[in-house]
Amino acid sequence: MNMGLYIAQQVINAVSLGSLYALVAIGLSMVFGILRMTNFAHGDMMMVGAFAALVLGAAGLPFWLAALGGIVIAAIAGIVVERVAYRPVRGSPDVTLLLTSLGVTYILENLGILIFTSSPRNFPIPDLMNSSIQFMDGQITFTAINVVTVVLTAVSLAALGWFVTRTDAGLGTRATAEDLGAARLVGLDVNRLIVTAFAIASAFAGLAGVLWAAQAGIVEPDMGFTPLLKAFVAAIIGGFGSIAGALVGGYVLGALEVLIVAFLPSEVSPYRDAIVFAFLITFLLFRPNGLLNRTQEVKL
Amino acid sequence: MPEAAVAPIADASGVLRVRDLVVSYGAVAALRGVSLHVGRGEVVALLGANGAGKSTMLRTISGLMLPKSGEIRFLGQRIDGIPPARIVRLGLAHSPEGRRLFGSLTVAENLRLGASTRSDRSGIEADRERLYALFPVLKERARQQAATLSGGEQQMVALARALVARPKLLLLDEPSLGIAPIIMQQIFASLAELKSSGVTMLLVEQNMSMALDIADRAYVLRTGEVSLEGDARELKTNYEEVAAAYLGARR
Numbered sequence: 069m070n071m072g073l074y075i076a077q078q079v080i081n082a083v084s085l086g087s088l089y090a091l092v093a094i095g096l097s098m099v100f101g102i103l104r105m106t107n108f109a110h111g112d113m114m115m116v117g118a119f120a121a122l123v124l125g126a127a128g129l130p131f132w133l134a135a136l137g138g139i140v141i142a143a144i145a146g147i148v149v150e151r152v153a154y155r156p157v158r159g160s161p162d163v164t165l166l167l168t169s170l171g172v173t174y175i176l177e178n179l180g181i182l183i184f185t186s187s188p189r190n191f192p193i194p195d196l197m198n199s200s201i202q203f204m205d206g207q208i209t210f211t212a213i214n215v216v217t218v219v220l221t222a223v224s225l226a227a228l229g230w231f232v233t234r235t236d237a238g239l240g241t242r243a244t245a246e247d248l249g250a251a252r253l254v255g256l257d258v259n260r261l262i263v264t265a266f267a268i269a270s271a272f273a274g275l276a277g278v279l280w281a282a283q284a285g286i287v288e289p290d291m292g293f294t295p296l297l298k299a300f301v302a303a304i305i306g307g308f309g310s311i312a313g314a315l316v317g318g319y320v321l322g323a324l325e326v327l328i329v330a331f332l333p334s335e336v337s338p339y340r341d342a343i344v345f346a347f348l349i350t351f352l353l354f355r356p357n358g359l360l361n362r363t364q365e366v367k368l
Numbered sequence: 009m010p011e012a013a014v015a016p017i018a019d020a021s022g023v024l025r026v027r028d029l030v031v032s033y034g035a036v037a038a039l040r041g042v043s044l045h046v047g048r049g050e051v052v053a054l055l056g057a058n059g060a061g062k063s064t065m066l067r068t069i070s071g072l073m074l075p076k077s078g079e080i081r082f083l084g085q086r087i088d089g090i091p092p093a094r095i096v097r098l099g100l101a102h103s104p105e106g107r108r109l110f111g112s113l114t115v116a117e118n119l120r121l122g123a124s125t126r127s128d129r130s131g132i133e134a135d136r137e138r139l140y141a142l143f144p145v146l147k148e149r150a151r152q153q154a155a156t157l158s159g160g161e162q163q164m165v166a167l168a169r170a171l172v173a174r175p176k177l178l179l180l181d182e183p184s185l186g187i188a189p190i191i192m193q194q195i196f197a198s199l200a201e202l203k204s205s206g207v208t209m210l211l212v213e214q215n216m217s218m219a220l221d222i223a224d225r226a227y228v229l230r231t232g233e234v235s236l237e238g239d240a241r242e243l244k245t246n247y248e249e250v251a252a253a254y255l256g257a258r259r
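Residue numbers (the numbering used here), protein chains in the order written: chain A, 69 to 368; chain B, 9 to 259.
If you're looking for bench data, these hints aren't it; they were derived computationally from the structure.
Some chain A residues near chain B, calculated using beta-carbon distances under 10 angstroms: (1) D236; (2) R242; (3) A243; (4) G249; (5) A251; (6) R252; (7) V254; (8) L256; (9) D257; (10) V258.
Here the structure is a predicted model, which means the values were calculated and not measured. Even for Gly, the Cβ is constructed at its ideal location relative to N, Cα and C.
Looking at chain A on its own, in the form it has when it is part of the complex (with noise of 0.2 angstroms):
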């Protein structure tokens, strides 16, 4: 194989990767951004999103409908989080915010267990997704569900960047992560924001749920840890709190992975994560607000 093709194999893997690592960073993001909350749960959501799938699909709904109903069930369920377990607590002391979210992530992650034990499932997917499509003469090759990954990615970070940029809320939305306090002088329903900011933010968990589930072909109640590790590097990396930021560090952690991969030896690629971590810290002594920074400005 040449080098060219191999290139741009990996480049359409590392685009795939950096895709859900996307999906998942900004809604981590958008929630900083607005609360200063770091929130792990939100890796449960991608959970929530898979299972909800999972079951939509074994009640008989074709496997479009099962996933788009596991997207909205995984938004109603940050809703809900929101609603019970943040809200009561916001404006409390930053430790408060992170061990709430914690405790959030256990309760979700052994509901899962009861509902579904704790051994992995099976994710199925229709064979279409499965195929594989080639190119040269199958040179590069990659399955479909690489391809409908990244577009949907796209489409919903289109849908994501007209919100935040012509809408209303989507403004209303931007502001209240810029000052909260000033937002609301303006007249501005935080609280609506809020919870508008957590639905979009779990929706896109949630489709990052059921599509890395069926890149796995597996679903586990702790399924979201891993990615959600990902990115909250993919975040840190973009700057966190920044919605594009995000999307930047998403695909630069994929890239690097796959890079990693790809052209270190292969012994080395067990130590993947750590050469990422090692890379991220390295990385935050020149720039410690990432890549798209945004100053901090005080609250009132």
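Since the structure of chain A is already known, use the hints to place chain B on it.
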């Protein structure tokens, strides 16, 4: 019921009436029983040294802080304890200290959010054009991120963002803060123009002489209490008394 029975109520109580307001930060009292009122079309200045409680006053009126006791009536209705968003909807706009613009949003977007309590599209449009006429530089900068503007321009955006809500009362906190003197004069000229168009204002300002020039009446706060109040023109001719009210009389 005859019309006259309804109309005078608002005039009798004025636009804003604050009675015996007590506000504290934890154990520290910031306001210790302040009373003041603002009539329709009036510009009232709230003067005083740093830490006298001026900004606390405005923040409590607009609902960002809760009073310990006392009451605040806006257009006859009690508003203490009501969330800020609802107070804005009643017609009270607050242009806060330090401007607090949405810096990553454009000037036009800041104004759009300022009008978020209104739903009359054409009315908003007309008001926005009027504000662009009042501050022509904002029209040029409409598509620029607010954070990229100069301090004076940002203050104009802050003013416009508050005014586009078409408030019945404008709370204005330190419009001269950190602004070059020449721009400051320009901003006060705009405020005078707004006043003559009937905008009611409660103005917090460090620059006493400019504030007294535009105001009808003034209150001087000292350590959370009203130490002097009166007609702005009279106060302006009696600097000594005002200075004593600022700093406390030395005996």
